[in-house]
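Those protein sequence lines, which keep their order, are chains A and B.
First residue of the first sequence? That's 3 in my numbering, and the numbers climb one at a time after it.
First residue of the second sequence? That's 4 in my numbering, and the numbers climb one at a time after it.
If a hint is listed, it holds; no wrong ones were tucked in.
Straight-line Cα separation of at most 30 Å, DSSO-like style, residue types lysine-lysine; simulated pairs:
no.: 1; chain 1: A; residue 1: Lys7; chain 2: B; residue 2: Lys222
no.: 2; chain 1: B; residue 1: Lys305; chain 2: B; residue 2: Lys158
no.: 3; chain 1: B; residue 1: Lys140; chain 2: A; residue 2: Lys19
no.: 4; chain 1: A; residue 1: Lys19; chain 2: B; residue 2: Lys318
no.: 5; chain 1: B; residue 1: Lys222; chain 2: A; residue 2: Lys48
no.: 6; chain 1: B; residue 1: Lys124; chain 2: B; residue 2: Lys52
no.: 7; chain 1: B; residue 1: Lys438; chain 2: A; residue 2: Lys19
no.: 8; chain 1: B; residue 1: Lys312; chain 2: A; residue 2: Lys93
no.: 9; chain 1: A; residue 1: Lys52; chain 2: B; residue 2: Lys222
no.: 10; chain 1: A; residue 1: Lys93; chain 2: B; residue 2: Lys318
no.: 11; chain 1: B; residue 1: Lys158; chain 2: B; residue 2: Lys31
no.: 12; chain 1: B; residue 1: Lys124; chain 2: A; residue 2: Lys19
no.: 13; chain 1: A; residue 1: Lys19; chain 2: B; residue 2: Lys54
no.: 14; chain 1: A; residue 1: Lys93; chain 2: B; residue 2: Lys140
no.: 15; chain 1: A; residue 1: Lys93; chain 2: B; residue 2: Lys417
no.: 16; chain 1: B; residue 1: Lys54; chain 2: B; residue 2: Lys140
no.: 17; chain 1: B; residue 1: Lys223; chain 2: A; residue 2: Lys7
no.: 18; chain 1: B; residue 1: Lys223; chain 2: A; residue 2: Lys48
no.: 19; chain 1: B; residue 1: Lys31; chain 2: B; residue 2: Lys6
no.: 20; chain 1: A; residue 1: Lys19; chain 2: B; residue 2: Lys52
no.: 21; chain 1: B; residue 1: Lys222; chain 2: A; residue 2: Lys19
no.: 22; chain 1: B; residue 1: Lys54; chain 2: B; residue 2: Lys312
no.: 23; chain 1: B; residue 1: Lys438; chain 2: B; residue 2: Lys54
no.: 24; chain 1: B; residue 1: Lys223; chain 2: A; residue 2: Lys19
no.: 25; chain 1: B; residue 1: Lys305; chain 2: B; residue 2: Lys6
no.: 26; chain 1: B; residue 1: Lys312; chain 2: A; residue 2: Lys19
Rather than coming from a laboratory, the hints here were simulated on the basis of the structure.
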Amino acid sequence: MLTMKLYNIAHSRAGDKGNTLTLSLIPYQETDYNLLCNSVTADRVKTHLKDVVVGEIIRYELPNIHALLFVCQQALMGGVTTSLAMDTHGKALSYALLEMEI
Amino acid sequence: MGKAKIRIGCGAGFSGDRLEPAVILAEKGELDYLVLECLAERTIALAQKRKLQDPEQGYDPLLERRIRSLLPLLVQNKIRLISNMGAANPIAGAQKIIEIARELGLSIRVAAITGDDVLAKIDPQWPALETGEALEKSGSIISANAYLGIEPILKALQSEAQIILTGRVADPSLFLAPMIHEFGWKTDDYDLLGKGTVIGHLLECAGHITGGYFADPIKKPVAGMAELGHPYADVFPDGSAVISKVEGTGGVVNLQTAKEQLLYEVINPYEYFTPDVIADFTTVHLSESGRDQVSVRGGTGKNKPATYKVSVGYKAFFLGEGEISYAGSAALERAELAGEILTQRLKDQFPDLRIDYIGSSSVHRSNFGHSAVPYEIRVRAAAKALSAFQAALIGEEVEALYTNGPAGGGGVRKGVNEVIGIVSVLLDRGVVEPKVSIFTHP
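All chains, please: the whole structure from these sequences, using the hints.
Pasting the structure below:
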């Protein structure tokens with residue numbers, strides 16, 4: 003089976019709270035919601051973002067708006083205020099999730 | 004009370020946001036309320052530093068420019084402004100607004116909300132929520148501000164003040180308060196408060212829901228980004244709303260922009276904590292009801308937390324940085340050699356030294372197997388230091404690569420910044436005493 007990047011079928015916005023990174027994952031077509039639920043598990047995201055997320059990843063399903071939310075702990079190198087990272091907020095990491103192939 | 008609809012606009016989503024979208028909202032938006040959200044977690048700690056240096060300062064640095072352009076429109080169109088531009092000094096901010104009103108010959112009543120500054124009420128021995136260790140162990144504490152909720156804003160609204168200037172207030176509360184005031188919602192009707200909080204959350208980042216920070220020319224093209232309009236919501240007494248923007252402005256309001264914003268910075272969609280309510284976002288329904296129109300229904304809530312969250316600002320460290328670029332053949336190899344030299348010269352003194360290769364893996368901390376060699380690459384060195392003097396060594400070492408490093412390095416930039424960190428504690432509600440002070444002209 004052919005693989006494709008999440009970028010092709012979904013969009014995402016990153017957010018930050020302290021050292022926690024939030025990543026939404028929203029399919030362009032609501033009919034792709036089940037596909038994302040089945041193939042983008044918290045475990046798979048944890049593997050994909052192994053260089054970024056140190057802590058646990060919790061996945062929330064929001065069937066009301068056909069979207070997933072990944073809450074990634076210990077992901078911002080200490081958090082927005084004291085990180086040495088280029089992108090202290092982790093704002094650009096939405097597109098890191100969209101690099102994942104399914 | 005008893006209005007069938009109110010219109011609330013959001014003309015700024017952070018301190019440095021563009022100035023003119025709010026002016027367009029005030030001019031053409033037929034608003035009842037304009038909210039300017041200008042206070043991020045760390046912004047208030049920086050404002051506190053300015054206030055310590057000058058007791059007349061400490062409000063938002065753009066307050067004067069924003070108010071000067073908005074005030075005539077607010078008065079003419081009878082729009083009430085609610086903003087956290089008071090930052091660390093709402094009283095001085097209110098006095099500045101009165102001064103501007105006097106200059107422009109406009110009558111105005113301003114309410115300043117204080118009481119969020121709880122520096123005198125926290126104990127440096129209390130454990131920080133993030134670290135579990137005593138607050139003072141993080142560093143020298145410079146500010147402590149509780150996230151206030153709707154109560155003082157409601158009092159200010161009852162006072163007929165046309166401008167309400169706050170310090171630290173939970174962002175959604177800035178929007179929820181006028182809904183409660185106009186529709187007579189009970190402050191323990193948590194389902195309605197949950198719905199209003201959802202609407203506030205959708206609006207609070209201004210351009211986020213009108214296509215700002217959303218656009219992607221390939222997958223999510225947005226027209227008119229240079230003249231992006233900021234949003235308003237028509238809110239109804241049942242807690243539903245329609246979000247849109249001023250006709251003719253750039254950007255887009257659609258299901259996709261609304262969904263991205265609904266989940267933005269949410270760490271538990273079942274329990275979104277504010278000082279007013281714990282809102283449930285999993286019961287929200289969104290639909291497109293017209294061009295640049297999204298209808299919001301649903302959202303529920305339960306009893307508010309017993310404590311206020313307090314952001315504590317502390318002096319963390321001095322950040323030293325330096326950057327240098329390499330381009331053309333063997334750019335990556337020369338950049339990596341620069342990185343090795345810097346590591347060798349700095350790692351003993353700066354154990355947490357970070358070397359980034361900008362253009363390769365600096366932003367995502369990985370390149371997910373994309374191994375294409377970039378034509379040009381920029382090396383960045385960064386480290387924490389105890390003094391500005393020590394932090395400057397990072398940039399100095401990068402600059403010294405001009406005569407001691409790999410061939411063809413250029414464009415050195417170096418910098419030192421004092422970094423303020425933020426940790427949190429919870430504080431009993433009874434300890435916090437929000438206060439409303441009124442200033443008028445004439």
